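Colleague: Each chain, letter by letter, is given below.
There are 2 protein chains.
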Amino acid sequence: MKDDYSVGAYSVEGEVDYQDLITKFGIRPIDEELKARIKKDANDIHFMIRRGIYFAHRDMPWLLDQYEKGNKFYVYTGIAPSGGMTIAHLIPFVMSQWLQEKFDAEVYIQIPDEEKYLAKRDTNLTLEKAHELAYADALNIVALGFKPGKTKIFTNTEYAGVLYKQAVRVSKYITFSIIKDAFGFGNDSNIGTIFYTSMQAVPAFLKSVEQGKNVPCLIPLGVDQDVHFRVARNAIDKLGYYKPAIMHSKFMPSLKGGPKMSSSDPDNTIYLDDAPDVVEKKVNKAITGQQSTAELQKKLGGNPDKCAVCQYNRYLFEPDDKKLAEIFEGERKGTLLAGEHKKDLAQKINHFLQEHRKKKEKLETKLKDFMITG
Amino acid sequence: MKDDYSVGAYSVEGEVDYQDLITKFGIRPIDEELKARIKKDANDIHFMIRRGIYFAHRDMPWLLDQYEKGNKFYVYTGIAPSGGMTIAHLIPFVMSQWLQEKFDAEVYIQIPDEEKYLAKRDTNLTLEKAHELAYADALNIVALGFKPGKTKIFTNTEYAGVLYKQAVRVSKYITFSIIKDAFGFGNDSNIGTIFYTSMQAVPAFLKSVEQGKNVPCLIPLGVDQDVHFRVARNAIDKLGYYKPAIMHSKFMPSLKGGPKMSSSDPDNTIYLDDAPDVVEKKVNKAITGQQSTAELQKKLGGNPDKCAVCQYNRYLFEPDDKKLAEIFEGERKGTLLAGEHKKDLAQKINHFLQEHRKKKEKLETKLKDFMITG
Chain U
13 MKDDYSVGAY
23 SVEGEVDYQD
33 LITKFGIRPI
43 DEELKARIKK
53 DANDIHFMIR
63 RGIYFAHRDM
73 PWLLDQYEKG
83 NKFYVYTGIA
93 PSGGMTIAHL
103 IPFVMSQWLQ
113 EKFDAEVYIQ
123 IPDEEKYLAK
133 RDTNLTLEKA
143 HELAYADALN
153 IVALGFKPGK
163 TKIFTNTEYA
173 GVLYKQAVRV
183 SKYITFSIIK
193 DAFGFGNDSN
203 IGTIFYTSMQ
213 AVPAFLKSVE
223 QGKNVPCLIP
233 LGVDQDVHFR
243 VARNAIDKLG
253 YYKPAIMHSK
263 FMPSLKGGPK
273 MSSSDPDNTI
283 YLDDAPDVVE
293 KKVNKAITGQ
303 QSTAELQKKL
313 GGNPDKCAVC
323 QYNRYLFEPD
333 DKKLAEIFEG
343 ERKGTLLAGE
353 HKKDLAQKIN
363 HFLQEHRKKK
373 EKLETKLKDF
383 MITG
Chain F
13 MKDDYSVGAY
23 SVEGEVDYQD
33 LITKFGIRPI
43 DEELKARIKK
53 DANDIHFMIR
63 RGIYFAHRDM
73 PWLLDQYEKG
83 NKFYVYTGIA
93 PSGGMTIAHL
103 IPFVMSQWLQ
113 EKFDAEVYIQ
123 IPDEEKYLAK
133 RDTNLTLEKA
143 HELAYADALN
153 IVALGFKPGK
163 TKIFTNTEYA
173 GVLYKQAVRV
183 SKYITFSIIK
193 DAFGFGNDSN
203 IGTIFYTSMQ
213 AVPAFLKSVE
223 QGKNVPCLIP
233 LGVDQDVHFR
243 VARNAIDKLG
253 YYKPAIMHSK
263 FMPSLKGGPK
273 MSSSDPDNTI
283 YLDDAPDVVE
293 KKVNKAITGQ
303 QSTAELQKKL
313 GGNPDKCAVC
323 QYNRYLFEPD
333 DKKLAEIFEG
343 ERKGTLLAGE
353 HKKDLAQKIN
363 HFLQEHRKKK
373 EKLETKLKDF
383 MITG
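Chains as they are written, first to last, in the working numbering: chain U, 13 to 386; chain F, 13 to 386.
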């Protein structure tokens with residue numbers, strides 16, 4: 013079972029065993045004790061942490077020690093543009109925005125517009141196109157409520173005047189051997205993709221460089237991205253900076269129930285710019301944990317863990333635990349029919365997207381206040 | 013014999029067989045016909061070309077075709093700072109300045125302040141130190157007479173805001189296989205040094221990017237640097253730009269007669285900031301092609317090819333062919349004694365260095381007119 017899945021930076025396959033992944037990656041579960049401590053320090057707890065969507069971490073107790081001593085941390089996250097932004101892409105940004113609010117944290121957001129250009133062998137994604145997408149992503153990100161003046165967003169090609177020098181410092185401590193093992197690269201990998209992880213490492217210590225003293229950093233990320241920091245944390249340590257703390261999230265499933273929603277499978281993915289009827293159509297085709305007929309469903313009940321509709325509520329669209337419990341219960345007992353169930357989710361998604369678009373419109377002219385170009 | 017030497021980007025060993033190198037590298041000799049054509053187009057011929065110090069090329073006839081059709085070329089060269097600048101480092105810059113003057117060419121000068129930091133495993137050369145050295149090198153370079161407004165000098169860490177994006181485009185077409193074969197890198201090479209050649213490639217087509225149309229480029233370089241462009245020319249071609257033309261120079265020998273003057277052997281190297289007495293002392297210890305006593309020398313005569321003193325005159329310090337012939341003849345016939353011979357060279361070097369220092373003093377405040385930082 014445990015070898016039936018794989019989680020790499022550039023592909024995720026099979027049904028992920030998160031418990032096993034914790035051992036494999038050498039990370040730690042976010043347990044009840046840690047949740048309680050986050051709740052105490054934040055005076056709140058985000059439902060994604062409460063529900064175990066953020067399920068693992070590195071060095072969070074150390075980070076909170078620092079915070080409790082008055083040594084505030086900053087938050088670093090990012091997104092590599094390749095197609096449009098999907099709702100699954102929201103997970104690290106929703107968390108980062110919450111951390112900004114609750115811990116008064118500055119947020120650094122890297123948009124590596126070169127990453128997918130380099131990583132995808134056969135693609136018509138030009139650097140120019142990736143750069144355009146980066147700005148579209150940035151607008152989607154700021155619309156989640158980030159504070160101007162406390163949020164810095166940058167694309168790698170534009171901010172290389174700052175990033176490259178620091179990436180060079182990191183890269184000196186990373187050999188091709190390490191990269192080969194970590195990313196599965198080989199002789200036929202291009203040298204840009206081999207170097208790239210150094211660029212992703214930089215924002216994890218950039219604030220320390222800027223301040224001339226060590227500043228703790230917290231990175232919320234999808235667990236597939238952990239590998240970049242397994243590699244970089246040693247290099248960052250050798251350069252004399254704090255290793256970043258990390259919070260790892262699980263993958264939002266595809267609408268058809270795959271391991272990870274992916275922008276390379278558009279039919280089973282909801283994009284932030286999908287029109288209401290497109291959302292309805294896609295959600296209607298989503299997999300549920302329900303039985304094949306209404307009659308069987310009423311008799312046998314369903315399985316919320318296998319149900320994309322339940323999971324989308326759990327990951328993003330039903331922050332209220334009581335209401336979520338009702339949905340799960342309805343699914344389990346078969347009192348909630350697939351049709352109603354999907355209609356409800358489609359409405360929630362469309363409501364969110366509509367509000368999101370309004371926020372984007374208002375922020376369009378203010379995006380430049382968030383972007384730094386070097 | 014032919015396997016007794018090696019010429020790599022990061023080390024040169026043994027007595028170089030330049031004839032053999034032409035075959036190995038797939039380059040072409042600069043023959044009398046090409047010299048005549050350069051002389052016609054430039055209305056002059058530089059002694060380094062006349063004397064075969066620039067001994068090989070790529071695509072020079074094509075470049076001159078373009079020039080004769082009115083399609084002017086620009087010149088690109090560079091220096092990787094590691095210690096102070098030596099007189100051997102002058103060779104590509106003296107040539108570039110001459111090309112600027114004779115062909116009204118713009119000159120791009122890259123100072124890759126990250127290269128030696130990345131390439132040297134055990135070194136106390138920090139990036140900061142390399143960056144300082146880069147500016148010292150830049151001042152030495154402009155003092156050779158480059159024109160402001162037609163000369164752009166940049167360090168890689170400062171100009172990465174422009175260079176990195178283009179390096180990414182190049183790097184997509186260069187695999188680790190290619191780099192392994194070209195540079196002898198392996199699993200223990202760091203990923204910065206693996207990527208680096210992409211950065212060195214950029215100025216060879218940067219003007220075409222800036223102009224939005226293809227502009228021919230000529231690179232004068234030491235033949236050990238050819239490997240970067242053996243790799244990059246294919247990638248540059250795939251991106252749709254002209255492959256750069258190249259002129260290859262031989263290595264200025266070490267004072268003790270080694271294959272290449274090297275800043276890692278300071279006793280046998282003359283630095284641009286060596287004091288007059290230091291120059292005298294170093295030149296006094298130089299190897300000559302002469303016999304061990306004045307008596308034997310008078311009897312048997314010497315070999316100018318093995319004589320560092322003769323060669324320094326030939327490479328840099330005696331532009332007059334007649335005078336050079338006299339020096340060689342004196343060495344051969346034994347009429348010129350080692351003591352006089354060395355005294356004469358030390359005087360020429362010190363005269364050059366003194367004038368050079370005066371020019372540097374005058375240009376110190378004007379250096380910023382040459383530097384572009386992004």
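Hints in this document: simulated from the structure, not taken from any laboratory. The structure presented is a predicted model; accordingly, all values stated were derived computationally and were not measured. Any given hint could be a false lead.
The list treats identical chains as one, so a pair stands whether inside a single copy or across any two.
What the hints assert, rightly or not - Cross-link-like lysine-lysine pairs, in silico, DSS-like; alpha carbons within 27 Å at most:
#1 K47 <-> K371
#2 K51 <-> K378
#3 K51 <-> K345
#4 K47 <-> K297
#5 K345 <-> K162
#6 K370 <-> K345
#7 K141 <-> K250
#8 K318 <-> K297
#9 K132 <-> K47
#10 K311 <-> K272
#11 K250 <-> K132
#12 K354 <-> K162
#13 K372 <-> K268
#14 K36 <-> K293
#15 K345 <-> K250
#16 K219 <-> K141
#17 K141 <-> K255
Colleague: Okay, which hints does this one fail, numbers in order?
Modeller: 1, 2, 3, 4, 5, 6, 9, 10, 12, 13, 14 and 15
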